[in-house]
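Trainee: So the chains spell out like this:
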Amino acid sequence: MIKLKQVSKIYPTGVKALQGLNLEVQAGEFVFLVGPSGAGKSTLMKLLYRAEEPTSGQVLVGGVDITRLSQAQMPGLRQRIGVVFQDYKLLPQRTVFENVAFALKVLGVSRVEMQKRVRSALDLVGLRDSADCLPHQLSGGQQQRVCLARAIVNTPPLLIADEPTGNLDPETSWEIMRLLTKINMHGTTVVVATHNKLVVDNMRRRVVTIDHGRLVLDQARGVYSVGVN
Amino acid sequence: MESIKRYWRQIGFIGEEALASITRSGWMSWVVVMTMAVSLTILGGFWLLSDDLYGLARSVGSKVEIMVFTEDSANVNKMASDIRAMDGVHEVSIIPKDEAWATLQKDMKGRVRFDALLENPLPDTVRVKVVDSEDTPAVASAIAELPGVEDLNWGQSLHAKIQQIATFIRLIGILITGLLMAATFAVIGNTIRLAVQSRRKEIEIMQLVGAGEAFIHSPFLLEGMLFGVAGALLTGGALAGWRTFIITKLQELFPFVILNSSPMVVVQMLGYLVAIGVGIGALASWVSVRRHLRRQTT
Chain Z
85 MIKLKQVSKI YPTGVKALQG LNLEVQAGEF VFLVGPSGAG KSTLMKLLYR
135 AEEPTSGQVL VGGVDITRLS QAQMPGLRQR IGVVFQDYKL LPQRTVFENV
185 AFALKVLGVS RVEMQKRVRS ALDLVGLRDS ADCLPHQLSG GQQQRVCLAR
235 AIVNTPPLLI ADEPTGNLDP ETSWEIMRLL TKINMHGTTV VVATHNKLVV
285 DNMRRRVVTI DHGRLVLDQA RGVYSVGVN
Chain C
2 MESIKRYWRQ IGFIGEEALA SITRSGWMSW VVVMTMAVSL TILGGFWLLS
52 DDLYGLARSV GSKVEIMVFT EDSANVNKMA SDIRAMDGVH EVSIIPKDEA
102 WATLQKDMKG RVRFDALLEN PLPDTVRVKV VDSEDTPAVA SAIAELPGVE
152 DLNWGQSLHA KIQQIATFIR LIGILITGLL MAATFAVIGN TIRLAVQSRR
202 KEIEIMQLVG AGEAFIHSPF LLEGMLFGVA GALLTGGALA GWRTFIITKL
252 QELFPFVILN SSPMVVVQML GYLVAIGVGI GALASWVSVR RHLRRQTT
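These protein sequence lines are chains Z and C, in that order. All letters in the first sequence, in the order written, are residues 85 to 313 by my numbering. All letters in the second sequence, in the order written, are residues 2 to 299 by my numbering.
A hint or two may mislead.
DSS-like, lysine-lysine: derived pairs with alpha carbons at most 30 angstroms apart [stated by the list, open to error]:
no.	chain 1	residue 1	chain 2	residue 2
1	Z	Lys89	Z	Lys130
2	C	Lys79	C	Lys98
3	Z	Lys100	Z	Lys87
4	Z	Lys266	Z	Lys130
5	Z	Lys100	Z	Lys130
6	C	Lys98	Z	Lys173
7	C	Lys98	C	Lys110
8	Z	Lys87	Z	Lys266
9	C	Lys202	Z	Lys100
10	C	Lys107	C	Lys130
11	Z	Lys173	Z	Lys130
12	C	Lys202	Z	Lys266
13	Z	Lys130	C	Lys107
14	C	Lys250	C	Lys162
15	C	Lys6	Z	Lys200
16	C	Lys162	C	Lys79
17	C	Lys98	Z	Lys200
18	C	Lys130	C	Lys110
Quick caveat, the hints were computed from the structure, so don't treat them as lab data. Just so you know, these numbers come straight off a predicted model, no measurement behind them.
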């Protein structure tokens, strides 16, 4: 599903975010990406949906080298990747339903189809009854679940979550992780960048540790590495 | 079939977004439409006015009669028959120079002493009457091409003067309009910039869920174009009213002048104004959106 070959990213400011990084993720995997702040986790995530381009190296998503995509081919890539953010990025003047529907509206999905898909996405994240609420009427955990629903409503094969529990308490963080696991069990490849040691240690999933832009540890059923935090 | 439906739903979405943006900007949208209307009105107004003046120059400036003065060596009879063959010519008569001389002496009797002149200084003259005074300038210039024509007199100096004024007015109109258009351009660009900024989040999410660049630009382009249409329609109303007034006044002043008062003139002008308005609106939006989206992504 994902293959990074010798990927380096140097920002115009001279910051070396990634240095010769290699990583492979199979379809259907659930992967934690851990490491201290500034290790390059977010940069790696952004490379995957091409919010950033690598300075050198190859980024393959679904077998396609996305560094070679033209501007016109970008929508196709983005439609196959769901993205979840730490700050949810919901539209404040639109209801929960409209927020989730937005992704489908942009793609010109029919009204009936849209109703069906948004309902089932909201069902999955357990927000069926909050469809008409505005984001500010919801708790942080609920808002994150709306963001999740929006990310999966188009049933992408790949879901990327950048610090999805960064603003949430432990209890709510677990809820989100359970949801991500559920989505993963439906066959979606899930990559989660996180600081949350507790979550990582208890989930017993593959853990990829990055530090100073390099891959330092790749454990099949790992824990948040001691000495790196 | 499904792809066509999808296409239409996306167009519907673009329309909704553009209208929502216009209502959200509220007051600013008004300012834009009014600025657009003012500059288009001035362009259209000056244009119509100069059109009317051109018309005036054609009908007032031209007399029905053209006096053709011949060179001494000219074959007057041949010239007269050539002129008679021209389109729009009603009547041609020859005034021999002796006759003209006699008339002049009679007219000027007692005021000028002709004894000092040994010879008749006047040329043979051909008097041409045209059917329609509007054709006078054309007929006159055709006659001027004939061999043996020394000079013509058909009131061309008045005609030329009015035409000069009309050209001058049109030029001033274009100049003022040019300045106002630059202002309109800036106002629209700024409004769209604000719209882009207030929709930063929507744009970001559109990009994330895989909306194409053109799709993201479209609502803003449409917004700019709608500003153009609204401005031009207001202008149409203003011009139609103003023109009815002007035409009536002009007809009172010059009842003998036939001006082109058909409403088609305004309708045609309106067509041009809508095109100009939409063009300016779209261009301003495009420049603005491109600049601000480019800055945002990467």
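Trainee: Each hint: holds or not?
Mentor: A quick look at each hint next to the structure:
no. : hint                 : verdict
1   : Z/Lys89 to Z/Lys130  : holds (16 angstroms)
2   : C/Lys79 to C/Lys98   : holds (16 angstroms)
3   : Z/Lys100 to Z/Lys87  : holds (20 angstroms)
4   : Z/Lys266 to Z/Lys130 : holds (24 angstroms)
5   : Z/Lys100 to Z/Lys130 : holds (15 angstroms)
6   : C/Lys98 to Z/Lys173  : violated (97 angstroms)
7   : C/Lys98 to C/Lys110  : holds (18 angstroms)
8   : Z/Lys87 to Z/Lys266  : holds (24 angstroms)
9   : C/Lys202 to Z/Lys100 : holds (28 angstroms)
10  : C/Lys107 to C/Lys130 : holds (25 angstroms)
11  : Z/Lys173 to Z/Lys130 : holds (15 angstroms)
12  : C/Lys202 to Z/Lys266 : holds (28 angstroms)
13  : Z/Lys130 to C/Lys107 : violated (104 angstroms)
14  : C/Lys250 to C/Lys162 : holds (21 angstroms)
15  : C/Lys6 to Z/Lys200   : holds (18 angstroms)
16  : C/Lys162 to C/Lys79  : violated (33 angstroms)
17  : C/Lys98 to Z/Lys200  : violated (101 angstroms)
18  : C/Lys130 to C/Lys110 : holds (29 angstroms)
Hints 6, 13, 16 and 17 from the list above are not met by this structure, while the remaining hints are.
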